[in-house]
Amino acid sequence: MNRLLISKWAKVVVFVLCLAPLGILIWEGFHGDWGPNPTQFLEHATGDWILRFLAITLAVSPLRKIKILGLTQLIRFRRMLGLFAFFYAFLHFSIYLGLDQVLDFRGVWADVVKRPYITVGFTGFVLMIPLAITSTAGMVRRMGYRRWQMLHRAIYVSAVAGVIHFYWLVKSDVHLPLLYAVIMAVLLGWRLFAWFSDRGRRPARGAPARKEPATVAAR
Amino acid sequence: MLLKRAPDLKYSDVTPREIYLNRRKFLYGMGLAGGLALAGKSVANLAFPSARAYAATSLPGLVKGPFSTDEKVTPEQAVATYNNYYEFGTDKGDPAKNAQKFVTSPWSVSVEGEVAKPRKFTMEEILKLAPLEERIYRHRCVEAWSIVVPWVGYSFSTLVKLVEPNSNARYVAFETYFDKKQMPLWGRAGIQLPYVEGLRLDEAMHPLALLCVGMYGETLPNQDGAPVRMVIPWKYGFKSIKSLVKIKFVKDQPPTTWNITNAHEYGFYSNVNPAVDHPRWSQAREIRLPGYFKNTKTQMYNGYGDQVASLYNGMDLKKNY
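Order-wise, the sequence lines are chains A and B. Last residue of the first sequence? That's 221 in our numbering, and every number before it is there in order. Last residue of the second sequence? That's 411 in our numbering, and every number before it is there in order.
Hints were generated in silico from the structure; no laboratory data involved. Warning: the hint list may mix true and false statements.
As the list claims (entries may be wrong) - Okay, derived cross-link-like pairs now, EDC-like style, lysine to aspartate or glutamate, Cα gap no bigger than 16 Å in a straight line:
{"id": "1", "chain 1": "B", "residue 1": "Lys251", "chain 2": "B", "residue 2": "Glu308"}
{"id": "2", "chain 1": "B", "residue 1": "Lys191", "chain 2": "B", "residue 2": "Asp269"}
{"id": "3", "chain 1": "A", "residue 1": "Lys173", "chain 2": "B", "residue 2": "Asp269"}
{"id": "4", "chain 1": "A", "residue 1": "Lys116", "chain 2": "B", "residue 2": "Glu223"}
{"id": "5", "chain 1": "A", "residue 1": "Lys173", "chain 2": "B", "residue 2": "Glu233"}
{"id": "6", "chain 1": "B", "residue 1": "Lys387", "chain 2": "A", "residue 2": "Asp106"}
{"id": "7", "chain 1": "B", "residue 1": "Lys271", "chain 2": "A", "residue 2": "Asp106"}
{"id": "8", "chain 1": "B", "residue 1": "Lys387", "chain 2": "B", "residue 2": "Asp367"}
{"id": "9", "chain 1": "B", "residue 1": "Lys154", "chain 2": "B", "residue 2": "Glu223"}
{"id": "10", "chain 1": "B", "residue 1": "Lys341", "chain 2": "B", "residue 2": "Asp292"}
{"id": "11", "chain 1": "A", "residue 1": "Lys173", "chain 2": "B", "residue 2": "Asp181"}
{"id": "12", "chain 1": "B", "residue 1": "Lys182", "chain 2": "A", "residue 2": "Asp106"}
{"id": "13", "chain 1": "B", "residue 1": "Lys251", "chain 2": "B", "residue 2": "Asp181"}
{"id": "14", "chain 1": "B", "residue 1": "Lys251", "chain 2": "B", "residue 2": "Glu215"}
{"id": "15", "chain 1": "B", "residue 1": "Lys336", "chain 2": "B", "residue 2": "Glu202"}
{"id": "16", "chain 1": "B", "residue 1": "Lys341", "chain 2": "B", "residue 2": "Glu202"}
{"id": "17", "chain 1": "B", "residue 1": "Lys187", "chain 2": "A", "residue 2": "Asp200"}
{"id": "18", "chain 1": "B", "residue 1": "Lys338", "chain 2": "B", "residue 2": "Glu224"}
{"id": "19", "chain 1": "B", "residue 1": "Lys162", "chain 2": "B", "residue 2": "Glu215"}
{"id": "20", "chain 1": "B", "residue 1": "Lys341", "chain 2": "B", "residue 2": "Glu215"}
{"id": "21", "chain 1": "B", "residue 1": "Lys154", "chain 2": "B", "residue 2": "Glu308"}
{"id": "22", "chain 1": "A", "residue 1": "Lys67", "chain 2": "A", "residue 2": "Asp200"}
{"id": "23", "chain 1": "B", "residue 1": "Lys182", "chain 2": "A", "residue 2": "Asp200"}
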């Protein structure tokens with residue numbers, strides 16, 4: 003499996019797959035499938051894909067660590083998947099800004115300040131911007147891996163914010179938001195569990211060393 | 091001497107209990123099995139007799155009603171495919187798909203409570219209580235989208251006068267049909283069912299309040315509330331209750347579904363009001379469907395202020411949202 007993952011075509015295939023949702027949306031648009039309220043349709047469709055890509059991105063590390071799957075090479079795709087989560091978030095926000103709010107920047111800011119589900123959704127989106135900017139290999143080098151990794155843990159916040167945003171905006175049918183909540187809880191819970199069990203396994207250290215346990219433990 | 095022959099039935103001839111109890115399903119199964127030989131249509135008739143008797147029958151001889159707007163009418167396709175009818179699914183496209191087999195005939199509406207003449211109206215009677223009018227109303231959903239619909243019906247007050255409410259009747263409580271079998275997605279709705287709504291009696295008696303049996307010159311599609319619904323154009327859409335089976339005249343303000351679900355967000359009155367925001371979104375503007383931009387200004391009482399504002403004289407509309 004790993005051999006398949008490191009083949010030079012693998013990234014191209016994954017890239018095309020990640021663009022497929024957008025392609026399907028455009029195709030549906032040409033066939034009049036956006037329905038009578040296309041703005042809402044597109045907001046919901048792109049919103050769904052943000053949460054899916056966030057979940058897929060967060061699934062990379064756990065899947066790599068399950069030895070019998072032999073998927074350690076999945077790491078090659080993590081950046082691309084994360085960037086696609088940001089790409090769909092950017093589309094989502096643009097549709098809200100351009101169509102829903104008709105470029106009324108003051109109205110958007112009023113929403114961000116006043117309406118909790120928008121506050122939390124906007125926060126999740128804004129937190130993804132520095133991650134997208136610092137996603138290059140050069141940036142990792144410049145920042146140093148440790149600091150870079152610390153920063154990129156912001157994706158956990160974005161994922162949680164995305165789910166809360168969804169949960170708070172539905173009127174009464176919370177099934178789908180709860181499903182995403184369970185998925186994110188499993189993915190983040192796994193990290194917490196791994197961190198705790200790693201910490202327990204390591205021999206006790208002196209006080210100065212304890213300042214930096216995150217380096218080794220976090221994934 | 092009269093000799094009766096013993097029926098030559100053996101126990102093995104007895105229909106097994108399960109098949110007897112599920113004879114409809116059995117028939118349907120037989121129908122499906124025979125479907126290869128039979129015409130598809132007759133199979134459907136076997137399974138769902140007269141299921142769509144009221145679906146899209148044209149209503150001839152409509153009178154032009156009062157209060158019609160001359161705004162551009164929303165295409166019927168949009169009104170019939172973009173629905174909030176949570177019993178049939180919470181996605182806007184769900185009801186159009188899932189309500190197709192909803193049986194709306196025979197149908198009757200029970201009118202009861204604080205009235206001198208409680209009675210049941212059959213659908214046939216309702217269609218003949220008054221000349222059917224076409225009224226083109228704006229319809230504003232609480233979710234900030236709006237449509238313009240040529241409804242068919244007559245003022246609800248016509249029916250009220252027939253049952254003669256007594257002096258105790260101060261409110262009207264409405265109830266939607268509810269059947270878990272026909273509405274298998276009911277459990278996902280997240281709202282208490284059956285769906286209930288209510289109006290103050292003077293609101294219900296207002297000539298704008300429409301007892302609605304059709305749209306676009308035809309009977310109502312199932313997803314739009316067939317066979318009979320209310321249309322209250324100056325209130326948010328959820329007040330316009332669908333598929334009515336019960337109307338009860340009562341003394342105290344009746345419970346209403348969205349108010350039960352979230353009292354903080356949905357009040358009993360729910361008059362369209364651009365100055366009072368929904369806690370989660372602004373009500374100042376709306377998307378006129380079909381369309382892309384939320385750039386239509388929402389009007390007080392959805393533009394029916396001249397007719398209905400006097401109903402709310404002296405009331406704090408922020409408190410009574």
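For each hint, the structure was consulted:
A hinted pair counts as satisfied when its Cα atoms are at most 16 Å apart, and lysine 251 (chain B) with glutamate 308 (chain B) does not qualify at roughly 26 Å. For the given pair, lysine 191 (chain B) sits about 13 Å from aspartate 269 (chain B) by alpha-carbon distance, which is consistent with the 16 Å threshold. Pair hint lysine 173 (chain A) plus aspartate 269 (chain B) does not hold up; C-alpha atoms about 22 Å apart against a cutoff of 16 Å. Straight-line distance between C-alpha atoms of lysine 116 (chain A) and glutamate 223 (chain B) comes to about 44 Å, which puts the hinted pair past the 16 Å bound.
Simply put, lysine 173 (chain A) and glutamate 233 (chain B) have alpha-carbon atoms about 9 Å apart, close enough for the 16 Å limit, and the pair holds. Of the supplied pair hints, the one linking lysine 387 (chain B) and aspartate 106 (chain A) holds, its CA atoms being roughly 14 Å apart against a limit of 16 Å. Taking the CA atoms of lysine 271 (chain B) and aspartate 106 (chain A), the gap is near 46 Å; set against the 16 Å cutoff, the hint is violated. For a cut-off of 16 Å, the pair hint linking lysine 387 (chain B) to aspartate 367 (chain B) stands: about 13 Å separates their Cα positions.
A distance of roughly 6 Å separates the Cα atoms of lysine 154 (chain B) and glutamate 223 (chain B); the hinted pair therefore holds under the 16 Å criterion. Our distance criterion of 16 Å between C-alpha atoms is met by lysine 341 (chain B) and aspartate 292 (chain B), whose separation comes to about 13 Å. A C-alpha spacing of about 11 Å is found between lysine 173 (chain A) and aspartate 181 (chain B), which places the hinted pair at or below 16 Å, so the restraint holds. About 27 Å separates the Cα atoms of lysine 182 (chain B) and aspartate 106 (chain A), which puts this hinted pair outside 16 Å; it is violated.
Note on lysine 251 (chain B) and aspartate 181 (chain B): the hinted pairing is violated, with a Cα-Cα distance of about 38 Å set against a maximum of 16 Å. Proposed proximity of lysine 251 (chain B) and glutamate 215 (chain B) is supported: the alpha carbons are some 15 Å apart, at most 16 Å. A threshold of 16 Å between alpha carbons decides the hint, and for lysine 336 (chain B) with glutamate 202 (chain B) the separation of about 8 Å falls inside it, so the pair holds. This hinted pair checks out: lysine 341 (chain B) and glutamate 202 (chain B) have alpha carbons roughly 12 Å apart, not beyond 16 Å.
The straight-line distance between the Cα atoms of lysine 187 (chain B) and aspartate 200 (chain A) is roughly 52 Å, outside the 16 Å bound, and the hint therefore fails. The suggested pairing of lysine 338 (chain B) with glutamate 224 (chain B) is violated, with an alpha-carbon distance near 26 Å, which exceeds 16 Å. Simply put, lysine 162 (chain B) and glutamate 215 (chain B) have alpha-carbon atoms about 32 Å apart, too far for the 16 Å limit, and the pair is violated. The straight-line distance between the Cα atoms of lysine 341 (chain B) and glutamate 215 (chain B) is roughly 27 Å, outside the 16 Å bound, and the hint therefore fails.
Among the hinted pairs, lysine 154 (chain B) with glutamate 308 (chain B) is consistent with the structure: their alpha-carbon atoms are about 14 Å apart, no more than 16 Å. A C-alpha spacing of about 13 Å is found between lysine 67 (chain A) and aspartate 200 (chain A), which places the hinted pair at or below 16 Å, so the restraint holds. This hinted pair does not check out: lysine 182 (chain B) and aspartate 200 (chain A) have alpha carbons roughly 48 Å apart, beyond 16 Å.
When the structure is compared with the earlier hints, violations turn up for hints 1, 3, 4, 7, 12, 13, 17, 18, 19, 20, 23 and for no others.
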